[in-house]
Each structure stands twice: as C-alpha cells, then as structure tokens.
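Colleague: Which chain is which? The protein sequence lines are P and L, in order.
Residues 1 to 497 (my numbering) make up the first sequence, in order.
Residues 1 to 654 (my numbering) make up the second sequence, in order.
Certain hints may be false.
[To be verified] Label-pair ranges, simulated between beta-carbon atoms:
hint	chain 1	residue 1	chain 2	residue 2	range
1	L	64	P	286	28 to 34 Å
2	L	230	P	420	51 to 57 Å
3	L	165	P	470	28 to 34 Å
4	L	649	P	211	17 to 23 Å
5	L	198	P	446	56 to 62 Å
6	L	30	P	455	51 to 57 Å
7	P	455	L	614	46 to 52 Å
8	L	198	P	420	23 to 29 Å
9	P	448	L	631	19 to 25 Å
10	L	653	P	59	41 to 47 Å
11	L	228	P	279	46 to 52 Å
[Said to hold, decoys possible] If you only want the chain L side, here are some residues facing chain P, beta carbon under 10 Å, derived:
hint	residue
12	21
13	22
14	24
15	27
16	30
17	70
18	620
19	643
Derived by calculation from the structure, the hints in this document are not laboratory data.
Note that CB positions come from ideal geometry on N, CA and C, so glycine has one too.
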Amino acid sequence: MPPEIVIPAIDVRVIAPMLTIFAWATVLLMVDLFMPGKDRKLTGYLALAGLAVTALVTLAVQPAPGTSRTSFSNMVVLDSFGTTLTLILLLIAAFSIAISINYLSYHNIEMGEYYPLILFATGGMILLGQSTNLILVFLGVELLSITLYVLTAFFYPRYTSEEAGLKYLLLGAFAAGFLIYGIALIYGGAGTLDLFEIGAFLNTSLAVGSAFPPGALLVLIGGALVLIGFCFKISLVPFHMWTPDVYEGSPTPVAAFMSVGTKGAAFAALLRILIVALLPFKIYWLPVLGVLATLTMLFGNIAALMQPNMKRMLAYSSVGHAGYITIGIMTAGTHGTESFLFYLLAYALANMGAFAVLITLERRGEMAWSVDDFAGLWKRYPLLAIAMATFMLSLAGVPPTAGFFGKFFVFAAAWEDGQIFLVFMGVLSSAIAAFFYLRVIMRMFMDEPVREVIPIFNRGLTITIGIAVVGTIVFGLLPTPLVSLVQNSVIALGVGG
Amino acid sequence: MLDLIWLIPLLPFIGFLINTLYTGRIADVHTRERTAGYVAVGAVGAAFIVALLAFVQLGQLPEEARLHQVVLWTWLATGSLNVPFGLMLDPLAGVMMLLVTGVGTLIHIYSIGYMHGDKRVARYFAYLNLFITMMLLLVMGNNLLLLFLGWEGVGLCSFLLIGYWYEKRSASGAAVKAFVVNRIGDAAILLAMMAIFFYFGTLNFFTTTVNGIEYPGFIEETSRIAGVTVGIPGQTFLIGTIISLLLLIGVTGKSAQLPLFVWLPDAMAGPTPVSALIHAATMVTAGVYLIARTHAIFTPTTLAIVTWVGALTAIIAATAAIAQWDIKRVLAYSTVSQLGFMVAAAGMGIYVAAIFHLLTHGVFKALLFLGSGSVIHGTHETQDMRRMGGLREHMPTTFWTYLIGALSLAGIVPLAGFWSKDEIIAHAWKHQGDAGYILPVFFILVLSSAMTAFYMGRQMALVFWGKQRDHHYHPHESPSVMTIPLVILAGLTVLAGALNLPGSHWLTDWLHPVMREEAAQFSIGVAVFATLLAAGSGYLGWWLYAVKFANKITVDGKDPLYHWTGDIWDSMAAAWYFDALYNSTIVPAYRRVAGFFAAVFDPQGIDGIVNGVGRLFGRASNGARTLQNGFVRTYALAFFLGVVVIIGYLITAL
C-alpha cells in the first residue's frame with residue numbers, strides 16, 4: 001500500500017479572477033509577439049476583452065452574501081469585499097487601457113507589451129486585495145511595483161520618464177526593504193505570517209498579563225514597518241515625495257492608473273492587515289495614522305494650491321485624497337470599509353476622467369500640461385469643459401457629485417467613531433482644496449483662451465470621459481444602489497464561513 | 001390610473017424640457033413660436049386629461065378610501081429625517097389639480113394668441129409649463145417638504161414671469177419685489193416645517209407604507225401636541241398656535257394678505273395670461289390650500305387672527321380697487337380682496353366654503369384677467385381705463401364674457417361668484433354668536449362685497465360704455481384663439497356655482513373625507529340682502545361712470561368722485577400707503593444694513609480674511625513646492641525621518 005500524501009484541499013474558485021487575468025496576460029504576450037505590422041491597437045482591445053472576461057469570472061465565483069471562501073492553506077480569501085474591490089480595479093484598468101490605445105501611437109511609444117503589463121499589474125492588485133498571508137501580500141506589492149517601474153519608464157526616450165522610472169525604482173526598493181523587514185519581525189514575534197493567526201496570537205498574548213510580551217513588541221515594530229511600506233505605496237506624507245515626480249514623468253495613462261489603482265489595492269491590503277491582524281494594536285496605529293492622514297491632507301492640498309502644472313496638481317491632489325481615504329481606513333470595523341469602497345469608486349471615476357481630459361489636451365513632444373491650456377475651454381469645447389468641471393467638482397467634494405458622498409461617508413464614519421479632530425481637519429483641507437479645483441473651472445469658463453489648443457478625441461477617450469461623467473453625476477444624485485453594494489462588501493474576519 | 005398620478009406633474013415638466021432644450025434652437029421664428037405653443041399646450045392638456053381620469057377613478061372609490069399615495073423614491077434619508085418623494089391624491093388635491101391643469105390649459109391656449117410675435121416665446125412657454133409642474137407638486141406632494149419645493153418653485157416661476165419683459169425697469173423691479181416679499185413668508189414656512197419635524201418626527205401629511213417601511217403622517221397625530229406649550233414662565237404659548245402662526249405668515253406672503261400683499265399689484269407688470277394663471281387663479285391660492293391642508297394644526301387663537309387678516313385684507317384691497325385707473329390693477333386689488341374672503345372663511349373654520357370660493361374665483365378671475373388681456377391686446381397695449389371707453393361695440397365677445405365675469409365677481413345670482421361668496425357671508429351671519437369677532441367680520445365682508453360690485457360696475461362703465469376717449473388706436477376684437485378660452489371660461493362661470501349649490505352641496509360631500517364639515521346652511525334672507533346690495537352698488541358704480549359723470553372722465557384727468565373725497569381718494573389709490581410705509585421704515589433700515597455689509601464688512605472683514613488666508617496658504621504652497629527638489633536623496637531622507645518618528649513614538653507610547 002503506497003503512503004498517502006495529504007494534499008490540502010484547493011478551491012480554484014478563490015483564485016479564479018487572478019488566474020484568468022494572469023493567463024490572459026501571458027497568452028496576450030505571445031499573441032502580440034506574432035502579431036504582424038506595427039499597429040498594436042488590437043492588443044489593446046484584446047486586453048480589454050480580457051478584463052471583461054475576468055469581470056465575468058469574478059461575478060461567477062462571487063461568494064454568497066456574508067460568506068467567504070479560503071484556500072491554499074488559508075493564504076487567499078475570497079470575500080464580498082474582495083469581489084467588489086476586484087470589480088472596481090478591473091474598471092480602473094479598463095479605463096486606463098481605453099485612454100492608452102491612441103495615446104501610445106500618437107506619442108510614438110506604441111509597443112505591445114504595454115497592455116499585458118497593465119494586466120499583470122491589475123492581477124497583482126487583485127492579489128493584494130485577496131491575500132491573507134504576509135508573503136502573498138509582499139508578492140502582490142512586488143508584482144505591482146515591478147510592472148509599474150517598467151510602465152513609468154515607458155515613455156522612452158523622454159528623459160523625464162526614464163528619470164521617473166529610476167526614482168520610483170530606487171525609492172520603491174528602499175520602501176520594500178522596510179516592508180520585508182517588518183514582515184520578518186512579525187514572523188519572529190508571532191511565529192506565523194497568516195493574518196488570522198497573527199490576530200489570534202495578539203489577542204492571546206495581550207490578554208495574559210499586564211506586561212507587554214516581547215513577541216507582541218516584535219509584532220508591533222514589524223507592523224509599524226509594514227505600515228510604512230504601505231504608506232509609501234499610498235503616498236502618505238512624508239513618504240509621498242516620489243509621487244509628483246513619478247506622475248509627471250510617466251505616460252499620462254500610467255499616472256492615471258497608478259493614482260487610483262495602486263492606491264486602491266494598497267489601501268485594501270492595508271485595511272485587511274489592520275483589521276484582521278493588527279486590530280488589538282488599534283490604540284497604537286490609530287494616532288499614527290491620524291497624524292499621517294492630517295499631514296497628508298494638509299500638505300497634499302496646500303502643495304497643489306499654486307501648482308501651474310496640471311499633472312503635478314493632480315499628483316498632489318491624489319496625495320491629498322490618500323489622506324481622506326486613510327480616514328476611512330482608520331474607522332475600519334464600523335463604517336470604514338464601506339466608506340472606503342465608495343470613496344475609491346467616486347475618486348476613481350473623477351480622477352480617471354480628469355486624466356483623460358488632460359490627455360485630450362496633451363500634445364506630441366510637449367511636457368507642459370499647463371493650466372493655461374484650460375483657459376477658455378468652455379467657449380470652444382463646451383462639453384469637454386463641462387466634463388472637466390464635473391470631475392473637479394467631484395474631486396473637491398461638491399454636491400451633487402459622487403465625490404461629495406464619498407467625503408460625506410468618510411467623514412460621517414469618522415464622526416461616529418469619535419474622530420472629531422480628523423473630521424475637522426478633513427473639512428478644513430477640503431476647503432483649501434476647493435480653491436485649486438475651482439480655479440481650473442474658473443479658467444475654463446471665465447477666461448479667454450491663452451493659446452490655441454486643439455483637443456484630440458478618440459473613441460477610448462470619449463467613452464471613458466462619458467462613463468466617468470455619467471457615473472459621477474448619477475452616483476451623486478442617487479447614491480443608494482452603490483451604498484447598498486458597498487454595505488454588503490464585508491471583510492472576512494475569520495477562516496471559512 | 002391612480003398609480004400613474006406621477007404623470008400629471010411629469011407631463012408639463014417634459015414640455016418644459018422640450019421648450020428649454022430643443023425649441024429655443026429652432027432657427028425659423030415662426031416654426032419656433034408655433035412649436036413652443038403646441039408643445040406647451042399639448043403637455044398641459046395631456047396632464048389635464050390624466051388628471052381628469054384619475055379624478056374620476058378617485059370618485060369611484062369608497063369615501064374613506066379616497067386617499068391614494070404614490071411614493072416614487074426616497075428623497076432624503078439622513079438620521080431620523082426620512083422624506084419620500086411621494087405624490088398623493090385625495091379629494092382636496094383632486095379639485096386643486098383639476099383647477100390648475102384645466103384653467104392652465106385654457107390660459108396656455110390663450111397665450112398662443114396673446115404672445116404672438118414675442119421674440120422669446122419659447123422661454124415664455126417653458127416657464128409656464130414649469131409653473132404648472134411646480135404648482136402640481138405643491139398640491140399633490142404627500143409631505144411638507146415636497147409642498148415647499150412646489151411653493152418655492154412657483155415663486156421662482158412667478159419671479160421669472162413677472163420679470164419676463166425685463167427690459168422694462170418696472171417689470172424687473174416688480175419681479176424682485178415679489179420675490180423678496182415672498183421670502184419673508186417662506187422663511188416662516190421653513191421654521192414651521194422645522195417645528196413640525198421637531199414635534200412629530202415626520203413631514204408627511206398622512207401615513208403611508210412603502211416596501212415595508214412606514215412613513216408616519218403628522219396630520220393624524222395632531223392630538224400629540226394638544227396642550228403642549230413653550231415659553232418662559234408666566235408667558236407660554238401653545239405649540240399649535242406657534243406653528244400655525246408661522247404657517248399664516250407664509251400664507252400672507254404667497255396669498256398676498258396683510259401685511260405682505262404689496263407685491264401682487266406690482267406683479268401685474270408680467271404678461272396678462274401670467275397674471276390670470278399665477279396671480280389670480282392658482283399660485284396665490286396656494287396659501288388657502290395650505291391652511292385647508294394643515295387645518296388640523298390651527299388653534300382657535302390662530303384662527304381668530306386668520307379671520308381678521310382675511311377680513312381686513314378684503315376691505316383694504318376692495319377700497320384700493322375702487323380708485324385705480326389701470327385695468328389690471330383693479331383686478332389685482334380685487335384678487336387680493338377675494339383672497340381675503342377665502343382666508344377669512346378658512347379662519348371661521350368653513351374650509352369647504354374657502355375652497356369653493358377658491359375654485360369659482362379661479363375660474364371667473366381667470367376669465368376677467370384674460371378679458372382684460374383681450375382689451376389690452378385690442379387697444380394696442382393700452383391699460384389706462386381713461387383712454388378706453390365704448391369698447392363694447394368693437395369687441396363684442398370680450399364684452400359679453402367680461403360682463404359675465406364681472407357679474408359673477410360682484411355676486412349676482414345665479415353666477416358662480418354669488419354662491420361661493422354667499423356661503424361665506426351667510427356662515428358669518430349664522431354663527432355670529434360663536435365668537436365676539438364674527439359679527440364685525442360679517443359687516444366688513446358685506447361692505448367689501450358691496451365695494452366689489454361698485455368697482456366692477458365702474459370698470460365696466462369705463463371700459464365698455466361711453467365713447468372712446470383716446471383715438472390713437474383702432475380697437476379690434478382679438479383672434480379666436482383668445483376669445484374661445486374666454487367663452488369656455490364664461491360658460492364655466494355660469495355653471496361653476498353648481499359645485500356646491502344649497503341643497504345639493506356636492507363639494508361639501510366630496511371634501512368630506514378631508515374636511516369633515518357639515519353642509520353650509522343657506523339663508524334666504526342673507527342671500528336676498530347680499531344680492532340686492534351687490535346689484536344696487538354695482539348699478540351705482542355703472543351709473544356714476546357711464547351716465548352721470550360720463551363726460552367728466554378725461555385722459556389723464558382726475559376721477560369725478562375725487563371732488564368729494566379728496567385725500568381719502570388718494571389714500572385709496574395708494575392702497576392706504578402700505579408701500580410708502582415700508583419704503584420709509586423697513587426699506588431704509590434694510591438698505592443701511594446691506595450697505596454696511598457691502599461697503600465695510602464685506603471688503604474689509606470677509607475679503608480681508610479670505611485674502612489673508614489665501615496669501616498665507618499661497619506662501620505655504622510655494623514653501624511646500626521648494627521641499628520637492630527632485631533629488632532622490634532628499635526623498636529618502638524624508639522617508640527615513642518619518643520612520644524614525646513613527647517607531648520612536650510607538651516605543652515611547654508603550
């Protein structure tokens with residue numbers, strides 16, 4: 001009788017979305033290799049199809065409400081939170097590809113591997129959202145980062161793009177060092193990398209006596225380092241400094257992709273770590289995140305105030321928004337999760353839209369992105385001006401846009417949680433932020449054109465802008481369906497179920 | 001059909017959208033004008049048909065089931081405030097809705113002729129449609145907030161339409177005046193709404209259940225505040241009194257009662273069909289509707305005040321109407337006066353009579369306004385009655401229909417105005433023992449109605465009898481698109497009294513589920529007395545101006561009666577100087593405060609703070625940008641410092 005080998009039960013459904021997107025990306029690389037001619041638009045369309053298929057797979061395997069599935073020795077979880085997040089990430093990726101298709105050929109940087117890279121990065125993001133093991137979290141971060149280093153430097157031979165890629169790589173490696181060191185410390189302290197088990201370990205070890213056990217201390221320091229690693233990814237002050245340079249240097253669609261996709265996924269992973277593993281340490285991480293969020297909101301928005309370069313302004317604005325999302329993360333456990341998802345979607349629509357408008361005005365061989373180009377846009381391209389105004393209002397959080405409800409839910413959750421000071425700082429910094437968003441609107445509607453700018457329209461851009469405008473306004477007027485969706489997206493707090 | 005009542009406000013709204021977004025872009029002037037008119041008339045007409053069907057179906061339900069609510073969506077849900085966007089249809093909303101869409105349709109048709117050749121006519125019809133939508137929301141909203149949306153919406157449309165010819169300074173001034181005066185009332189309504197929400201926790205009129213969620217209503221719960229008082233020790237007020245007084249202030253604004261009636265005569269600067277629709281038949285009656293709808297809240301104290309407000313308004317406006325030369329201003333003051341009758345009726349607790357008079361007045365006053373519009377149209381924009389005269393030969397249709405309207409307003413048997421006005425006066429006479437103030441109110445109302453007959457006799461004589469006194473124009477009858485609505489309205493004026501004849505009292509029965517009133521008692525003595533008085537004073541008015549002093553009336557001359565009355569006549573012409581009073585007291589004080597804010601507080605205080613803050617953050621922003629020097633080593637250093645601070649904090653925090 002042969003010896004029995006115990007193979008842990010594998011539930012393929014749990015990783016089905018990732019599996020689909022990775023497989024599609026790999027095959028797409030091959031297909032692209034053998035594709036004749038220089039035109040690579042077909043690769044882009046095939047990548048879009050891949051995203052659609054992944055979305056269908058995600059919907060097909062979604063867990064019943066209130067339940068979750070774990071597999072691979074509890075390293076990956078599929079819960080309704082992960083499903084909703086995956087769908088949002090796929091939407092972001094689809095927007096990014098749609099606005100890239102003509103951009104690449106227009107700027108003579110059309111290469112087929114661009115699209116599989118976006119797919120790989122998206123897969124990494126999905127993995128981040130679903131992993132319940134620190135090693136997998138690290139894997140997700142690196143998968144995402146390395147593809148983004150390449151994408152950042154994709155604007156060959158523009159030197160700012162190369163510089164941005166290199167900067168991102170250097171600082172990313174620096175941050176990854178902290179992240180992996182933190183993971184090692186946690187393992188040293190808790191003896192496990194499983195998030196559920198870390199949480200259980202902390203609960204038991206903190207409950208034993210009044211003295212702070214050394215294992216827990218290691219986990220605390222390790223957790224702080226992991227947190228810092230993520231702060232880099234989501235660009236919280238003072239770990240944000242790469243952001244404006246990298247966004248400015250990278251191709252605009254990549255900047256758009258990074259500003260919402262990377263952030264969303266990193267926030268999701270951080271959220272899961274905080275509430276599954278490190279919840280017993282809430283008294284420690286809460287003030288740290290509170291101070292970082294405050295600094296981020298203030299600094300991001302203040303730095304954006306006098307910024308004449310639209311791309312850098314949007315970069316700083318994305319730093320500011322990271323602060324607001326952090327407030328949502330901090331109140332995880334009450335309404336933080338749902339406000340985070342709502343905010344992410346509202347922000348994704350408005351920011352992708354704003355970047356798409358920026359692309360229509362971007363000209364070959366120029367690196368200006370000046371706010372002057374928006375002057376008088378209303379008189380020449382009223383629809384484009386209205387779209388941009390919608391995005392600016394949503395980013396500023398003015399009703400009746402989705403951005404308003406995003407901010408409203410985040411602040412309401414923080415208020416219920418007793419974080420009055422954070423709400424105050426959030427509202428104050430929003431008031432500051434309103435200035436530079438409204439300045440764009442004012443330039444568009446009240447000024448005369450400074451120079452002749454002819455926008456470039458194509459199907460991908462138009463559809464992206466259209467969907468973003470409609471979504472921003474519809475979710476601003478009727479947030480209820482979206483609210484019920486995010487309310488049902490709960491994070492699995494335990495194994496199975 | 002009852003579940004489709006949302007179509008009724010939606011249809012005119014679609015008309016509004018088409019005329020705003022599409023019609024205005026048609027290049028050809030004639031096509032544009034025709035399209036705008038047809039779209040607007042079609043939208044309102046369709047709404048009228050739907051309203052009629054819904055009304056009939058409502059009538060087929062058993063009496064106690066005649067309350068149908070349709071909640072379309074949850075409008076607002078924050079904390080304990082849960083407001084549905086819901087419409088309702090009950091007998092009261094039903095008759096209002098028919099008046100609004102029915103008279104509205106006729107006035108829309110009339111407008112096609114009246115506004116012919118106007119260059120902004122698409123905008124005119126769009127506003128008119130929007131007005132109908134808002135008025136329907138006002139009468140059909142199933143909660144106070146939706147009513148308030150309609151209330152503000154009709155106010156906006158009124159503003160837009162009074163100032164429709166905004167090139168005329170008087171028109172834009174009148175629009176602003178109407179808007180500002182109404183704001184005072186609206187603020188009171190807002191306060192009343194807050195108080196109602198505070199004490200009842202809901203803004204819905206009646207309880208309704210949608211998808212398992214129960215929306216409670218406050219009308220059924222009014223017993224909850226019975227006897228509840230607020231105030232300082234020694235001086236307390238019933239909550240019900242406070243809320244209803246606030247509502248009354250709102251009513252005095254919208255329904256042009258004392259002391260806020262001053263905007264309505266000026267509002268005649270708008271196109272005449274607008275005066276007919278908004279400033280006579282529908283919008284200004286919203287206050288009466290509001291009292292009828294929320295009458296459960298009104299306490300005896302407030303009702304006494306309501307009665308006095310109505311009665312005094314009735315007489316003051318009636319005296320003012322006597323001394324006007326402008327054909328429309330006579331009708332405007334007359335409207336104020338008749339609204340006073342309705343409010344007084346509501347104050348005396350006979351809501352059915354108030355609604356009855358509202359309906360008949362809506363019909364015959366629309367007729368009179370449209371008739372005056374026809375006169376103005378036929379005399380090339382002449383409004384001064386001294387320049388008219390002898391028009392009955394040139395404008396026969398207008399003359400006969402106008403005569404019917406005038407007789408109805410004067411209260412001559414058997415026209416509609418007689419029955420509805422008699423019900424109010426008869427009630428006051430029969431119930432004079434209910435409270436000490438009823439008898440004086442009775443005399444005031446009788447006197448006002450005698451004056452009503454007098455000024456209508458005067459107007460008929462000045463406009464239609466005698467000789468044409470100004471020969472700068474050639475009078476002509478208006479086109480049939482204008483006269484047909486006149487004829488229809490005249491027919492309705494003859495028939496509308498049948499709504500609530502003594503003995504049949506259909507309207508009382510119909511409104512019974514809402515008002516729970518007994519049928520009014522008919523008093524043959526009062527009826528004969530009132531009719532004789534009306535006929536006598538009406539004849540006197542006609543005889544004085546058509547026979548006795550016919551030759552003394554000259555263009556820009558004084559009124560013949562001025563010789564005997566002098567200053568009193570001037571006071572009446574100026575509506576007892578209410579405008580002058582406001583202009584010398586409230587307005588200058590308001591101007592000074594506004595001037596202080598505009599000249600001192602705003603530039604130095606607000607702007608100073610704003611600019612200072614702006615400069616501060618601008619400097620901070622430039623500072624922040626210089627930190628960003630582009631060197632990776634700086635970035636890594638900042639990063640590392642962050643790490644040190646965070647780890648340091650955690651270690652010390654242990």
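Colleague: Go through the numbered hints given earlier and state which of them the structure violates, listing their numbers in rising order.
Modeller: 1, 2, 3, 5, 6, 7, 9, 12, 13, 14, 15, 16, 17
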